[in-house]
Amino acid sequence: MQFFKTLRMKPWLQQDYEQAVTMVSLEQSNEEKVITALKFFLAVITVIFFLFTITFLQRTQSFDFQALSGEPWLPFSNAKLLWQNSAYLLLASLSIVLAKYVAEKEHIYLIIFSLAATALFTLLFIFGQWQAWQQLNQAGFNISANPANSYYFLLTGVHGLHIVGGVLVLLRCIWHFGMGLSCQILATRLKFCGLYWHYLFFLWMFLFFLLTSSADTFKTIALICGF
Amino acid sequence: MEHVAIADQVDQSNHPQSFLTKYVWSQDHKVIAIQYSITAIAVGLVALVLSGMMRLQLGFPNEFSFIDPSAYLQFVTMHGMIMVIYLLTALLLGGFGNYLIPLMIGARDMVFPYLNMLSYWTYLLAVIVLLSSFFVSGGPTGAGWTLYPPQAILSGTPGEHAGILLMLASLAIFIVAFTMGGLNYVTTILQARTRGMTLMRMPLTIWGIFVATILGLLAFPALLVSAIMMIFDKVLGTSFFMPAILSLGETLDHTGGSPILFQHLFWFFGHPEVYIVALPAFGMVSDVIATHARKNIFGYRMMVWAIVAIGGLSFVVWAHHMYVSGMNPYFGFFFATTTLIIAIPTALKVYNWLLTLWRGNIHLTLPMLFAIGFIFTFTHGGLTGLMLGNVVIDLPLSDTYFVVAHFHMVMGVSPVMVLFAAIYHWFPLLTGRYLNNKLGKLHFWGTFLGTYAIYLPMHYLGFLGVPRRYFALGSTEFIPQSAETLNASITVSAIIVGLIQLVFIANLIWSTFKGKKAGRNPWQATSLEWQTAQVPPAHGNWGKELPAVHRWAYDYSVPKVIDDFIPQNVSPEEVEYLVSEQDSDEDSYENNNQGEN
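In order, the protein sequences belong to chains A and B.
Just so it is clear: in the first sequence, position 14 is 18 by my numbering, and no numbers are missing.
Just so it is clear: in the second sequence, position 335 is 361 by my numbering, and no numbers are missing.
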């Protein structure tokens, strides 16, 4: 609990100076700055989805809520497409780790291969999510028909925006790499992208669980949360 | 990658040459700060004019044909939203945060200058989108600054089509801008402090901005979430917040949504927002008081702890804005308790300001006048807050002018007093010149006495039961004629206070070019921003080498030292003593701070 230790310091005492100088690390590199900012950014995203989730869980208990799975005629009782999408996102998330690893070793072809794999799997995920939207619409589960549908479109939509943001950053990385960025710096940047993609994946798995649960599951969760 | 300690990095920043890169598309935190400030003040003036129009209607009903009930509601809404978010948040964090963070912690710039620039331009876009709603058909939304559904998006509310959508879009854009800026502020404070600048050696201004930024990063998402969901309800016909409803005899397609849910989300943002505005103000006023009373701030550690504690508590009090919405009594009890608990660290801060002034060498400069004025207005606003925090008192008073008086004292006048104190205090750093003293005194007394003339009577109006948000009182039996007279007097005061702000604007413009030269460190302050080689600080702030920090920011009137202040970057060896014996050094520190150990 470094923070509490810091808060107990008495800055008006001169003898704290020696301690002070050693406590502030002067080796802060660019990397640490980006990591700090990225952690705060992911915290912001977490709060956004946390709040969405709270409102969703409350809404699951309203009379007009109809879960999207649980009965054979509901669209996500068989969520094959979503499992497939999850696999794409997992592969994208893993290939970015591979890209970072080979960038450290400076294997140019492998870097290109793994980055291409990341881009491909991420695009497949986005396309797969789009397909899921289409299927829901065709089956009559459109956005305003039921709160469960509304939340499905809302949450996957916001998650999609989150991914598109990541893709733009990754494209910028690739562009810089094409313009002659060194492999080591690329590796550092891919480390951040990796963190972002892992986060995206776990967030998606959470949303997947949340959005495709059955009415009984919601009832249990709501009971635990006190809604 | 080779890592060079920040303090040892050579200043390699490219100094922009052309007018465009230097003053328009600038990545220099100081220029961005000024851009933020000018935009915020400009949009704030719009909101000030709107409040003047509201007052004209309230003070002299039926005299002004161009103010109809719809226009009145639109003025209320836009005035509230602009003042809280586009003026106060933007000026305190975007303006002062941007200007002061790198200078006070000894950095060359923000850690992500490009993101910082993007933050300003996104903020400007949010302002333009917001103001554009004045020019669309139907005008801006008149849903009140809280935008409560279902009425906010139903027919009958002014601006139900484009107005509300532009408002929600503008808020979403603002939040994106704030997030970009906020990530910068937090990262800069955590990662770019110069050598020797520990967290506990930072001036309280930076502590206030730091904690407020974290609050902003965690609270604005709630507003974003509610804005997105309301846009969905309006545009796509979902029912997140919309219950089954009959509107003008027609059954709408919505069903099952919860308007109360919106209120929870809104106030989960809305209450921390109060402290997003207040904490930087608390920090800045602490520094102004310490500097102009030539005394170390009383209880520095307690001040920091109080800032952190207020920040934490501000997330568990939101439902005290919703007592009249109806809630479980235990729920109300919980929120009343937390609300009253938050008074403890806040009162602690007020006592510490007073104890800093106690037996200080008080210089009644313009910044000090505004700072002392702030202690008055904040105490008054805070005490009525204690009353309203109790459910039983809030219920009858909630929809009256008492609440208007309360939140204007605590969240309107108080931060604005600090903003003025801060502008008068730091203006010599920005321009190298003082603001004119005579105009400043006129501005202070006009604003201080004038705001009391406005808000003190409002408390009485509230007790009489005069309802807020009403366009006109009409013939209401329980409200005496004297309330109308009081309303007229409030309006006259409001217009005077509004006009006096023009004196301030004129002073700003005049003093920028013709003001008395201030020279370097005119207030003899200890904090780092006054110790730059050039005034105003040049691009890169510190010339070749970053300063090293040897002490906290409050070494004022240290016994046996020749000057009555020791800047943070002066090492113990450089301090000149009245007595030549160096061994009195440590004694002097202890003597000076006995009270706090």
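Source of the hints: derived by calculation from the structure; they are not laboratory data.
Some hints here could point you the wrong way.
What the hints assert, rightly or not - Beta-carbon label-pair distances, calculated as ranges: (1) A:G74 <-> B:L274: 53 to 59 Å; (2) B:E89 <-> A:C229: 38 to 44 Å; (3) B:S597 <-> A:G184: 54 to 60 Å; (4) A:G230 <-> B:F161: 30 to 36 Å; (5) A:N141 <-> B:W331: 34 to 40 Å; (6) B:D425 <-> A:G230: 56 to 62 Å; (7) B:D425 <-> A:T50: 34 to 40 Å; (8) B:W147 <-> A:L227: 44 to 50 Å; (9) B:G263 <-> A:G182: 26 to 32 Å; (10) B:L262 <-> A:A91: 40 to 46 Å; (11) B:L274 <-> A:G182: 57 to 63 Å; (12) A:Q139 <-> B:G263: 48 to 54 Å; (13) B:V261 <-> A:Q139: 30 to 36 Å.
Glycine residues also receive a C-beta, built at the ideal position from the N, C-alpha and C atoms.
B:F161 and A:G230 - C-beta distance against the hinted 30 to 36 Å
For A:G230 and B:F161 the Cβ distance comes to about 47 Å; the hint is violated.
Is it true that the C-beta distance of A:Q139 to B:G263 lies inside 48 to 54 Å, as the hint says?
violated (20 Å)
Within 34 to 40 Å: is that where the Cβ-Cβ distance between B:D425 and A:T50 falls?
holds (37 Å)
Taking the beta carbons of B:G263 and A:G182, is their distance inside 26 to 32 Å?
45 Å Cβ-Cβ, so the 26 to 32 Å window is violated.
Could one say that the CB atoms of B:L262 and A:A91 fall in the range 40 to 46 Å?
Violated: the Cβ-Cβ distance is about 30 Å, outside 40 to 46 Å.
Whether the CB-CB distance between B:W147 and A:L227 falls inside 44 to 50 Å
Given a distance of about 48 Å, which is inside 44 to 50 Å, the answer is holds.
Does the beta carbon distance between B:E89 and A:C229 stay inside 38 to 44 Å, or does it fall outside?
violated (55 Å)
Hint says 34 to 40 Å; check whether the CB-CB distance for A:N141 and B:W331 agrees.
violated (54 Å)
Take the C-beta atom of B:D425 and the C-beta atom of A:G230, compute their distance, and say whether it sits inside 56 to 62 Å.
Roughly 30 Å apart at Cβ, these two residues miss the hinted range, so it is violated.
Cβ-Cβ distance between B:L274 and A:G182: within 57 to 63 Å?
Since the Cβ atoms of B:L274 and A:G182 sit about 59 Å apart, the hinted range of 57 to 63 Å holds.
For the pair B:S597 and A:G184, does the Cβ-Cβ distance stay inside 54 to 60 Å?
This hint is violated: roughly 44 Å between Cβ atoms.
Does the Cβ-Cβ separation between A:G74 and B:L274 fall within 53 to 59 Å?
violated (39 Å)
Against the hints set out earlier in the document, violations occur for numbers 1, 2, 3, 4, 5, 6, 9, 10, 12 and 13.
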